[in-house]
Amino acid sequence: MNLARIDGTIIASACHPSMRGTRTVICQPLDENGNDIGNPVLAIDTLGAGLHQRVLISTDGSRTREIVRDKHSPLRNHILGVVDDKGGNT
Amino acid sequence: MRLGTVIGRVTMTLQEPIYKGGRVLLVQPLGRADIAALSNAKLQTQTVPKLANVSTLVAYDQLGADIGHIVGFTEGAEATAPFTADAPVDAYIACIVDQIDYHPPKS
Numbered sequence: 001m002n003l004a005r006i007d008g009t010i011i012a013s014a015c016h017p018s019m020r021g022t023r024t025v026i027c028q029p030l031d032e033n034g035n036d037i038g039n040p041v042l043a044i045d046t047l048g049a050g051l052h053q054r055v056l057i058s059t060d061g062s063r064t065r066e067i068v069r070d071k072h073s074p075l076r077n078h079i080l081g082v083v084d085d086k087g088g089n090t
Numbered sequence: 001m002r003l004g005t006v007i008g009r010v011t012m013t014l015q016e017p018i019y020k021g022g023r024v025l026l027v028q029p030l031g032r033a034d035i036a037a038l039s040n041a042k043l044q045t046q047t048v049p050k051l052a053n054v055s056t057l058v059a060y061d062q063l064g065a066d067i068g069h070i071v072g073f074t075e076g077a078e079a080t081a082p083f084t085a086d087a088p089v090d091a092y093i094a095c096i097v098d099q100i101d102y103h104p105p106k107s
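Top to bottom, those sequences are chains B and E. Numbered as in the numbering used here, the first sequence ends at 90 without a single skipped number. Numbered as in the numbering used here, the second sequence ends at 107 without a single skipped number.
Just so you know, these hints were derived from the structure itself, not from any lab. Please note that the accuracy of each hint is not assured.
Derived EDC-like pairs: lysine to aspartate or glutamate, alpha-carbon spacing no greater than 16 Å straight-line [said to hold, decoys possible]:
1. Lys71/B x Asp98/E
2. Lys71/B x Asp60/B
3. Lys42/E x Asp86/E
4. Lys42/E x Asp98/E
5. Lys106/E x Asp36/B
Residues on chain B that point at chain E, a partial pick, calculated with CB under 8 Å [said to hold, decoys possible]:
6. Asn2
7. Asp7
8. Gly8
9. Ile10
10. Ile11
11. Ala14
12. Cys15
13. Met19
14. Thr22
15. Arg23
16. His52
17. Gln53
18. Arg54
19. Ser58
20. Gly61
21. Pro74
Derived CB-CB ranges, DEER-like [as the list claims (entries may be wrong)]:
22. Met12/E x Gly50/B: 22 to 32 Å
23. Gly76/E x Gly21/B: 32 to 42 Å
24. Met12/E x Gly34/B: 40 to 50 Å
25. Gly21/B x Leu14/E: 34 to 44 Å
26. Leu26/E x Ser62/B: 43 to 53 Å
27. Val82/B x Gln15/E: 43 to 53 Å
28. Arg23/B x Ala41/E: 12 to 22 Å
Keep in mind the model is a prediction, meaning the values are calculated, not measured. Positions of the beta carbon are idealized from the N, C-alpha and C atoms, including for glycine.
Isolated chain E, as found in the complex (with noise of 0.2 Å):
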């Protein structure tokens, strides 16, 4: 599971049957430094954070995740596991991060 921020949302009209019930969003994975800057913050803001220059992925999310939310994200097969049928599923979002506690060691 890694860490991650909404940055988008994705509306299809036409979608597998088994993608109802949930929607689909954009999420920037966090790095070391973001973590830090988040840390003990006020989160659950609807402002989005500056952008790292890294790749964004397209999650499933069923708790109503929205822009600027911190999320917990799972990839591979454990993303598939929350369906009850086999679902083309890369990403899914596991929690909703209410507080982020992050003291990596002073080097």
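Extracted from the complex, chain B is given alone in its bound form (with noise of 0.2 Å):
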């Protein structure tokens, strides 16, 4: 589970079959200090979370797969939540 941002979506029409009819967002994982780090992620993303919402990614294929029901899909990302408040200094 990484914390990440909500910074855009992208649009695909030539994909794998098990990304037709989801939403993938660009997601720019953050540190514990609400400091971006790294480089921007694809995610799919279920609950529909809005542009710059802090939110927890998961890094399990599995469960994407089942998300997707396509035990042959390729993704591994998805959305587990949309954070409401973190605590610490954020």
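From these two lone chains plus the hints, build me the complex, please.
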């Protein structure tokens, strides 16, 4: 599980069949202080997270394959939850 | 899954039978600045953008991506999931991106 911020979306018409009908978002991974770390990653979003909302990304590929109901899906990241409040400095 | 640009093609006369039906492409992963430059831009051109100093990887493609296309690719165990048998594949192209909407917060 990683903390990240939604920074955008992509549109792809040619895609693996398991991605059809799912929303794919661009997520910026964050460190414990809310600072950006590394480059953006893509994740499947079934919750409808909004722009600049903080989310938890799961990197469990087998759960993602259950969500898209395709055991041959190449997807790994999906949005687990939208963060309301996080203890700590930010 | 990460975003990348297709910058080249790998052609093999002799190859593992599992590779049949797709092709093998060179993919350059995109950084934040690259994604910001491509946001709302016209994609799917045949021009290769200026390359950043990051390592290029080889990805298996069944969708028909070509040089200059922006793609989403997965790495690791998930890259072999689309295959019905064990496949020696490290990176798999999962989508060809038509449009990117990227709006990082202004700091």
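Outcome of the hint check:
1. The suggested pairing of Lys71/B with Asp98/E is violated, with an alpha-carbon distance near 26 Å, which exceeds 16 Å.
2. Restraint check: the Cα-Cα separation between Lys71/B and Asp60/B comes to about 13 Å, which is no more than 16 Å; the hinted pair holds.
3. About 37 Å separates the Cα atoms of Lys42/E and Asp86/E, which puts this hinted pair outside 16 Å; it is violated.
4. For the proposed pair Lys42/E and Asp98/E, the alpha carbon gap of about 8 Å is at most 16 Å, so the pair holds.
5. Straight-line distance between C-alpha atoms of Lys106/E and Asp36/B comes to about 12 Å, which keeps the hinted pair within the 16 Å bound.
6. Taking 8 Å as the C-beta contact cut-off toward chain E, the hint placing Asn2/B at the interface is violated, the least distance being around 13 Å.
7. Of the supplied interface hints, the one on Asp7/B holds, with its beta-carbon coming within about 5 Å of a beta-carbon of chain E, less than 8 Å.
8. Taking 8 Å as the C-beta contact cut-off toward chain E, the hint placing Gly8/B at the interface holds, the least distance being around 4 Å.
9. Contact between Ile10/B and chain E, as hinted, is supported at the beta carbon level, the nearest pair being about 5 Å apart and thus within 8 Å.
10. At a threshold of 8 Å, the smallest CB-CB gap from Ile11/B to chain E is about 4 Å, leaving the interface hint in force.
11. About 4 Å separates the beta-carbon of Ala14/B from the nearest beta-carbon of chain E, less than 8 Å, and the hint is met.
12. For Cys15/B, the interface hint holds, the least distance from its beta-carbon to any beta-carbon of chain E being 4 Å, beneath 8 Å.
13. Of the supplied interface hints, the one on Met19/B holds, with its beta-carbon coming within about 6 Å of a beta-carbon of chain E, less than 8 Å.
14. Hint on Thr22/B is violated. Least Cβ distance to chain E is approximately 10 Å, over the 8 Å limit.
15. Hint status for Arg23/B relative to chain E: violated, with the closest Cβ pair at about 12 Å, above 8 Å.
16. At a threshold of 8 Å, the smallest CB-CB gap from His52/B to chain E is about 6 Å, leaving the interface hint in force.
17. Taken as an interface hint, Gln53/B does not check out: its beta carbon lies about 11 Å from the nearest beta carbon of chain E, beyond 8 Å.
18. The interface hint given for Arg54/B is broken, as the beta carbon of that residue sits about 11 Å from the closest beta carbon of chain E, more than 8 Å.
19. Checking Ser58/B against chain E: minimum C-beta separation of about 13 Å lies over 8 Å; hint violated.
20. For the restraint placing Gly61/B at the interface with chain E, the shortest Cβ-Cβ distance is roughly 5 Å, inside the 8 Å limit, so the hint holds.
21. A least Cβ separation of about 4 Å between Pro74/B and chain E falls short of the 8 Å threshold, and the interface hint therefore holds.
22. For Met12/E and Gly50/B, the hinted distance range of 22 to 32 Å is not satisfied, since their beta carbons lie about 45 Å from each other.
23. The hinted range of 32 to 42 Å is not satisfied by Gly76/E and Gly21/B, whose Cβ atoms lie roughly 24 Å apart.
24. A C-beta distance of roughly 46 Å is found between Met12/E and Gly34/B, which places it inside the suggested range of 40 to 50 Å.
25. Hint check: Gly21/B to Leu14/E, Cβ distance near 39 Å, so the stated range 34 to 44 Å holds.
26. Taking 43 to 53 Å as the suggested C-beta distance range, the pair Leu26/E and Ser62/B does not conform, at roughly 29 Å.
27. Separated by about 44 Å at the C-beta atoms, Val82/B and Gln15/E satisfy the suggested range of 43 to 53 Å.
28. Taking the beta carbon of each, Arg23/B and Ala41/E are about 21 Å apart, inside 12 to 22 Å as hinted.
Checked against the numbered hints listed earlier, the structure breaks hints 1, 3, 6, 14, 15, 17, 18, 19, 22, 23, 26; every other hint is satisfied.
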